[in-house]
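Visitor: Spelled out, the chains give:
There are 2 protein chains.
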Amino acid sequence: MAKMKLLYAPSSPYVRKAMVLAMETGLDRKIETVPVTTTPIAPAAEVTARNPVSKIPALIDGTLALYDSPVICEYLDSKHRKKKLFPAKGKARWVALRQQALGDGLLDAALLARYESFLRPADKRWPQWSDGQMAKINGALDAMEKEVASLKGAPTIGHITIACALGYLDFRFADLGWRDKRRKLAAWHAKFAQRPSMKATMPPG
Amino acid sequence: MAKMKLLYAPSSPYVRKAMVLAMETGLDRKIETVPVTTTPIAPAAEVTARNPVSKIPALIDGTLALYDSPVICEYLDSKHRKKKLFPAKGKARWVALRQQALGDGLLDAALLARYESFLRPADKRWPQWSDGQMAKINGALDAMEKEVASLKGAPTIGHITIACALGYLDFRFADLGWRDKRRKLAAWHAKFAQRPSMKATMPPG
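Chains as they are written, first to last, in the numbering used here: chain E, 1 to 205; chain L, 1 to 205.
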């Protein structure tokens, strides 16, 4: 059977979510990664062809082209017979999906802050915009610290997303010092980051 | 039983998705809307208290606080016994979720384009950023036109999201002329916009 194709960049935290889920469930052997380089002002044609809003990851499985990362992750989770990372129903499902939205929300703010400070010309930067995005990041971190107890136990898509979000801060916002005053979250992340799936998907050094 | 609370703004297309779903399924009687005014640089405290990344909609049902709009919509869809708007499984589910991501992706680009031209001071605007977001909007519109046949039949969360995205373009990007060269999508939208749920949630004039 033909492999699925995943449009991929090693530095994308949204791609990392899908890769971690694939490795946790043994699906990585059925996925071919296709490296791409894309930004909001220079979208890659091969991404736009599969995802009209030009974001990665995008997954191609036969005639089906899927995006964005929550859809891809849930689709992949339907394709294996191991323990599911998306709880099927009830409160466990809503907590996991809400945690995924929390991690993705942190990442959306982090990417916008990064575009502001690295992509946008220096004279066009607006400090209040960056401040607003950093406030979202810090708010999300405080919320994660507060609910760290709900990150224990068998991993879900919520745990994976939060771990990838924290990994992205270490990669691109090392100066933020997110661990200061968030010792429980830091301890949780240190342990989660030891999973082989997390180690194998570390962003480039 | 206590009503659910939905943090709400009549101009938010993401809020509109949840309201349309609620009206289509009769859940609107069980939801109290709580009006808020929030922006990325002036987040409302009552939003931040419920959603750490300060976005609406946020839904409060007893001790459960949920975000973002895809999570809220799926949660609401689990709370009624009428026809489901999230197909349970199989290709229908992946198409509906991917269409939701397409509509949300158009909206994310449209909101960023609007923040660039209305919120950001004039001397800090970067035309290439706006151009990049407009390219995403146009790419999404072309994709919707191409797959308009899949928007026929009983409504799904995909249809609702795309209809709300198009409604937002009429509200904030009337000059875009999205209907030009997208006649099939325009005809589909004209019909979908006649649904009572869509009429009742029109953005303010």
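Just so you know, these hints were derived from the structure itself, not from any lab. Note that the structure is predicted; figures quoted are calculated from it, not measured. Keep in mind that the hints are not guaranteed to be accurate.
Quick list of in silico lysine-lysine cross-link-like pairs, DSSO-like style, CA-CA up to 30 angstroms [to be verified]:
#	chain 1	residue 1	chain 2	residue 2
1	E	K5	E	K79
2	E	K191	E	K89
3	L	K146	E	K89
4	E	K79	L	K146
5	L	K146	E	K152
Here are the simulated distance ranges between beta carbons [unchecked claim]:
#	chain 1	residue 1	chain 2	residue 2	range
6	E	D170	L	K84	12 to 20 angstroms
7	E	E32	L	L119	39 to 47 angstroms
8	L	A122	E	A149	41 to 49 angstroms
9	L	K124	E	D180	51 to 59 angstroms
10	E	P121	L	F118	18 to 26 angstroms
11	E	A149	L	S78	19 to 27 angstroms
12	E	K146	L	T39	42 to 50 angstroms
Think of the CB as a built atom: it goes at the ideal place given N, C-alpha and C, for glycine as much as any other residue.
Visitor: Which numbered conditions among the earlier hints are violated in the structure presented, ordered from lowest to highest?
Guide: Going through the list in order, the structure violates hints 3, 5, 6, 9, 12 and respects the others.
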